[in-house]
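For the protein sequence lines, the chains are A and F, in the order given.
Reminder that position 131 of the first sequence reads as 131 in UniProt numbering, one-by-one numbering, no gaps.
Reminder that position 69 of the second sequence reads as 69 in UniProt numbering, one-by-one numbering, no gaps.
Read the hints as simulated data drawn from the structure, not as lab findings.
Positions of the beta carbon are idealized from the N, C-alpha and C atoms, including for glycine.
Possibly wrong hints are sitting among the right ones.
Stated by the list, open to error - Here's a subset of chain A near chain F, in silico, CB distances under 8 Å, partners left out: (1) C75; (2) M76; (3) G77; (4) C78; (5) P79; (6) W107; (7) D108; (8) P109; (9) V110.
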Amino acid sequence: MSSASSDPDGAATTSLSGEFVAERRADASAFEQQLWDVLDEIPDPHIPVSLVEMAMIYDVDEADGHVTVEMSFPCMGCPAYDMIHNDVESCLTVLDGVDEVDVEVVWDPVWSKDMLTPEVRSKMNESGISL
Amino acid sequence: MSDWPEPAVDYVQAITDTKILLGQRYAQWSLAGPSLEDDIGGASAAQEEIGHVRQLVRELEGQGRDPDWLNGDREPEEFANAASLDRIDGNWAEYLASIAPTDRAAWYMLDAIDRDDLDGLITKIGEDEYFHLEYHDARLETLADEDPETIQATLEETLPQALALIGPAAHDESADPLYDAGFTDRPAAELREAFAEHYRELFADTDVSLEAVDWDAPPIGEWDETRRRADAGAIAEADVTQISGKQNELFAMN
């Protein structure tokens, strides 16, 4: 069950729980779901989970072949910042139906390890990463 | 064309340029520390400051500033960094007493920005700054015990320079243009008071006296509102060469 809540104005908000990614994917079209799946194959260069598992992908929007990926970073000074941009762009640009990819880095909400699912936490723990 | 109030772009530019120089100075000193922990702390802070700059530069580009100019294609006198970072000579104590108040001043200025669209960015920067400032204070306390003369003499110079970055004392609720425009939620005078109080408390039980610090500096008539400082100094050409990365742009990966 989603833990999404509504603010007093009725706008949907998402929690920073382990369901963060699921909530963000919930409204994706079938094609956008495919794009999420592709992004879920891109490994975080530092940690043995994908960018999606790391909750770094906040939104994927496609309109007429133009894809916008909203993402954030656990570390603002990430040395792989450009490399990750390139990975996202190159993995999506080669897909049928994708003409152009924009990566937008956002900081709201601020990334938090609370966004990680229990499964991802276990995977990281098994790799020797404590949270 | 900027959608920020008139003085806000220069304000964020001064924070950004100060962070560029913080990153540069942290990196330059990151192998000169008295212990491996100090070196690692400095290297980590350098990486984080560069990360902050990367995002602040995006914001300034969004307000119409030229990307090449922002990334270092300019004269040393066009950098609006705190004067305390123009150069850091001397020993580790001088370095710490220069960098610590400057990093704190830049954070107070960022934290005072009151815009919803920058809230997440500033919160994220604050997560890093918490550790920078905690480390600085802990280290200043130990250095105040080991070498109080050097810490005191350096702070007498660098605290007024950091205060100049924050803004003149005359910029209170009725006179601070950034506060008046709603870009910040506290005037410079209030930030200065919190800044001064922090250091008075930090050194209260040490052999470092802050009695001779000019807490009223700079006189508003001498203050440059663009560069947010009261003197005509600047970083060295060699700093600009390194910061711009032009000398080695051939080797960039993208």
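Original post:
Hint by hint, which ones does the structure fall short of?
Top reply: Violated: none.
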